[in-house]
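Trainee: Sequences are here, hints too, so could you generate the full structure?
The lines below spell out each chain.
2 protein chains.
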Amino acid sequence: MRKITFLLFISCILLSQLTFAQNKKLTMEDAIVGQCRQLYPQYMNGTWQPESHNFIQQKTGILTSKNADTGEEKTILNLTELNQSLADVNQDTLHRMPRISWIDNKRVYFQTRTNAYTFDIISKTIGSSFTFEKGDANFDRAISSQKNIAVTNANSLYIVTPGERIEVAKSDSDDLVYGQSVSRREFGISKGTFWAPNETLLAYYINDNSDVKQYPLVDITKREAEVEMIRYPMAGMSSEHISLGVYNVATQKTIYIEDKDKDSEKYLTNIAWGPESKYIYIQVLNRGQNHMKLNQYDATTGKLVKTLFEEKHDKYVEPSNPIVFIPNNNEKFIYQTRKDGFNHIYLYNISGKLENQLTKGNWEVTNVLGFDNDNKYIYYQSTEASPLEQQTYRVNIKKAKIEQITRAPGTHSTKITYDGLYAFDSYSSTEVPRVAQFIDIKKLKSEILLEADNPLTDYNIGEMTIETIKAGDGETDLYYRLIKPADFDPNKKYPAVIYVYGGPHAQLITNSWLGGARMWQYYMSQNGYVMLTVDNRGSANRGLKFENVIHRQCGKNEMEDQLKGVELLKSLGYVDMDRIGVHGWSYGGFMTTSLITNYPEIFKVAVAGGPVIDWKYYEIMYGERYMDTPDENPEGYKSTSLLPMASKLKGDLLIIHGYIDPVVVIQNSLSFIRECISNNIPIDYFVYPRAEHNVRGKDRIHLMQKVTDYFEEKLK
Amino acid sequence: MRKITFLLFISCILLSQLTFAQNKKLTMEDAIVGQCRQLYPQYMNGTWQPESHNFIQQKTGILTSKNADTGEEKTILNLTELNQSLADVNQDTLHRMPRISWIDNKRVYFQTRTNAYTFDIISKTIGSSFTFEKGDANFDRAISSQKNIAVTNANSLYIVTPGERIEVAKSDSDDLVYGQSVSRREFGISKGTFWAPNETLLAYYINDNSDVKQYPLVDITKREAEVEMIRYPMAGMSSEHISLGVYNVATQKTIYIEDKDKDSEKYLTNIAWGPESKYIYIQVLNRGQNHMKLNQYDATTGKLVKTLFEEKHDKYVEPSNPIVFIPNNNEKFIYQTRKDGFNHIYLYNISGKLENQLTKGNWEVTNVLGFDNDNKYIYYQSTEASPLEQQTYRVNIKKAKIEQITRAPGTHSTKITYDGLYAFDSYSSTEVPRVAQFIDIKKLKSEILLEADNPLTDYNIGEMTIETIKAGDGETDLYYRLIKPADFDPNKKYPAVIYVYGGPHAQLITNSWLGGARMWQYYMSQNGYVMLTVDNRGSANRGLKFENVIHRQCGKNEMEDQLKGVELLKSLGYVDMDRIGVHGWSYGGFMTTSLITNYPEIFKVAVAGGPVIDWKYYEIMYGERYMDTPDENPEGYKSTSLLPMASKLKGDLLIIHGYIDPVVVIQNSLSFIRECISNNIPIDYFVYPRAEHNVRGKDRIHLMQKVTDYFEEKLK
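Chains as they are written, first to last, in this note's numbering: chain A, 42 to 757; chain B, 42 to 757.
If chains are identical, the list can't say which one is meant, so a pair holds when it fits in one copy or spans any two.
Below, simulated DSSO-like cross-link-like pairs (lysine-lysine); rule was C-alpha separation at most 30 angstroms, straight line:
#  : residue 1 : residue 2
1  : Lys689    : Lys757
2  : Lys263    : Lys691
3  : Lys347    : Lys294
4  : Lys689    : Lys755
5  : Lys66     : Lys691
6  : Lys739    : Lys689
7  : Lys679    : Lys263
8  : Lys597    : Lys263
9  : Lys755    : Lys645
10 : Lys347    : Lys380
Bear in mind the hints are in silico, worked out from the structure with no lab data behind them.
Mentor: Set out below in structure tokens:
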């Protein structure tokens, strides 16, 4: 059954084409802003009310509920009611409805700039009130059974209760930071505080930054420019020293997780509490990132209880998901790993013994959604149907039997009710602009909530196809997306622009609306360009081996694969091979600069945004995973560095960088510019003075106009 | 006589043309590096040996002497002799001859990286030795009668003697800086220590910077970029607090010059000692820069003795020269001021009474060279012959009678013997690549040392003329320099580029080799451009009124005058008025950006380097002189700011900035870029990552190629 779907789907994709024969032209504003608005249909996000079949959406001033059983739709809260309840307890009323989140079936939580409240959705009354201070951030709630909200302020950590503000850990400098995310948010780290299930113990990261060098970012909007120093540990340099504290709200005491190897700059990743609030589980990874230990610690003493198991790889391991205990089960948990080559779900018991591999195959689990209240199934998304798709499945925990919940080809986003009876599903595909539906999971019957019209019907844009070519290794299938020029004439010769990212963790080509392409690529098709994108080896959702070929040689295999894209362009017959351009940002900026300097005879014009120029300028956590340190891999750093390639540049290269980019620091591009100057090589440059790693908002129109103008001037 | 010379000369200039009908083409390297080398002939710099008629030149490894009476030329020192003398006193020998300077007729001084020495030129023996420490800078010698060298190190001040290092004033932070130049080297300030004639008292600046905001400059050459904070007081913000200490080497005590008005942020300019080492004279200027007091202070007590006289102006006064006592005369000194509208020399006595105005006329004294040993004459340079020339004169102190020493039209650089009998003179003009000569001042007879050949004979460059047009006021004569395209054909239409500076203190058009133009302008003439420069009102050497029209409205009159240049281009008939470009740097970058945004219908392409974008981002000392503070002159700041003009930009503008420019900080151009982005206006930008206010050395070839390419692409 699954096989059939897969094959069916593939043939769909191979034939899929966006063909609209109308005359409207995308403006640059359409191309940039339209992608998030009218030209890319969405269904308003929502959430299942806990322990119910009510799907809740927050609209302007109201909260609506739609029942999946009855179809009944009603308003369950409005701003007037909310304000009345605030006034009743002498609190400031609000101008607009704040974001509402659910605590349980009856209670919600919301937050204003200065306060937070629990609120009874039935009686329409405020429960608890919390008062914050200016600068409070990283709010982390434990309010199901207790009334504790962890907050950070500057570098310190506090717990706010309805009557009290408790100082958990105080620091006057960013040499030492409490309770914030660490390791530059790699390894799935997205926060720095972790409430125990009992909601009275708070585990928190302690980040000793004192050895980490600071990078200066300059704010020119001040009366006189000012510098902000950020901690930016570059590859091979001194790194963060991370430890974990556990604060007990009842005793007001902190204990520290045992660390016998304090100076090793290891990573404490994927913090998880055991169900009884007695143990903390940490996936401890060495700085070399090739040896992970799943450690169990006693939350009362901080002592290491045991290492449940270890995982090693001669390239790297990348733990990215905390273990998750089966609800109401103190013995068993699930763990995700790519140890068999693809990310899958494994069932372990507390002694560290593998009980079962729940999912298996040459595809990847991409997102675990949760359990139902019988703890019979785990709901998750995977690429089982196709590497280009995200479909939703459930696996029976006991039998490891998989059932597919979503069926329509495409990229699904799904939310499951507490009891696993219903799914809310929103998807698009190359053929489907947007469908939103309720799915009755047992009957696999759906109720359509939205079936969006094609918003591009009136536009004359180029035809898009997604197919595969062989990678540089001659074996691996790579997906590519080709957009022909609008008003395509096979007898003409067209310039082509390759849009590239190429790095890990990203996939540019998906079976979703527009094929995953940014609308700008269709804009360019209107200007007469062939637009090509190839998801080379190294990119996401194709398994470990597909990704880790980049190890110690970022760019090498990726470039080989992109050259296969160039061969494809040549084979088409209608591409003018003297007019090949390339554009990319971030890793894609690195790829772009690599391609035009390594293959000056192929690439004539390039626009590289926020490029890594030498991996020694990139940060430790991401950079050393793929490149090791400059000392460990001098050859790799040397052969991938673009600094010596500046002198090889022949074509037109425009580099663009955010002046305050805290991710790929501007030292990268400025160093390359400096090399060009030293070698008397013409080069173009532009900076966005207030942009960080990406140019956002309205400024993006200016950016993409600049990119477009460069190709129009130099390539056309 | 002077009149005749003047008229004669003017006719020369008006007809002067560089006409070479050969075929060699300047390369960009010729154009940039050639200006300092083979294409712009120089005569090796030299100096008169004190109390002699020997002209000393320092050549590779030797010191030569040429006697003006006999013509005898000999080597008076070589490296071997110097090294022998060093070895004799157990000092390290040298690989190359250090720069030799004269103490008196027999003794010289030289310095290595770690040491300094006095040396007897007759006996060829080392006299005194001084040892420095790493980081010593701002060496200031008092070694005629004493053996003291003042040095600064970091923010502190020391005196080094042959056996000792004395700490004069120590500071651990640049909040407080001792002994360095202040006020950003405006008002002629070029150093921070001032030895009394007796060489035992040392006056020194104390710069309390603690209220001055720091500007961040980022050094990307470090392993990880680092920030250097410089004190940069922007217009209207808190400024330096300057005071003066006087250290007595004998007593090792410091006294401080009295300051009853400590918080007024006044300027202590043009520090001068009285001849008996009893008094210090300071030209004290208010922060408003419109009221100067010449104050006499007791050097023993620091007390104000009296104010000799005051000078006020409703726009600004700009004291730029210390008073100079007539040698061997404790009563009389000379003082330079533009109070009658032009810079002239005045003779005052110590009671503050004006004895005589020694020079007078609608021309400016530009450089006082000194006195002869009879104290009969003052030698100086002025623009008396023409605003385009620098000629050398002497004035009889008693009779105020002027005699002209140099005669040939052009720009002279002259050095007079101690007794006023001989001058060494080096000059060039539009007709004369370089002549160097001895002049017998009494007989006005010269002995030619060099008469350089025209190094451009073989090059096919455009014809250059210097003439005048009327300024925007319809009255004032402005000089302009026009370079026609090479192979000029009056029936063709050519694009034109205006090269502009436009600010005070600079004059681009002079009667010197190439007419004062940079060689790049001739390079552009070879590429088919008409190159025009107009020295607008505001520029140097034309008197106070000519300059101070810019007060409170920088750019306004300057632009009007540049538009007269555009009218001239139109009148020529062979300029394509749809292809007018403009280029300038610094004030010229401000002018360039002002012109293309204010006159988009005229200027199609512009390249602005290191531009001031809003005078609020410029520093106090220079900026407030011309613009007052933003609070005092809100209208002026508003009407000259280019930030609101970004939205008016229509043509192609490339802005270039040194990434670590400490003069016009990059906040200027980045703020303009930001405005362009906000208004979705296309703009081009480039930075030189290691350049300060100017792009120097080999990088300049890259720079001017970039500038050229921009005009070639957009204007041609």
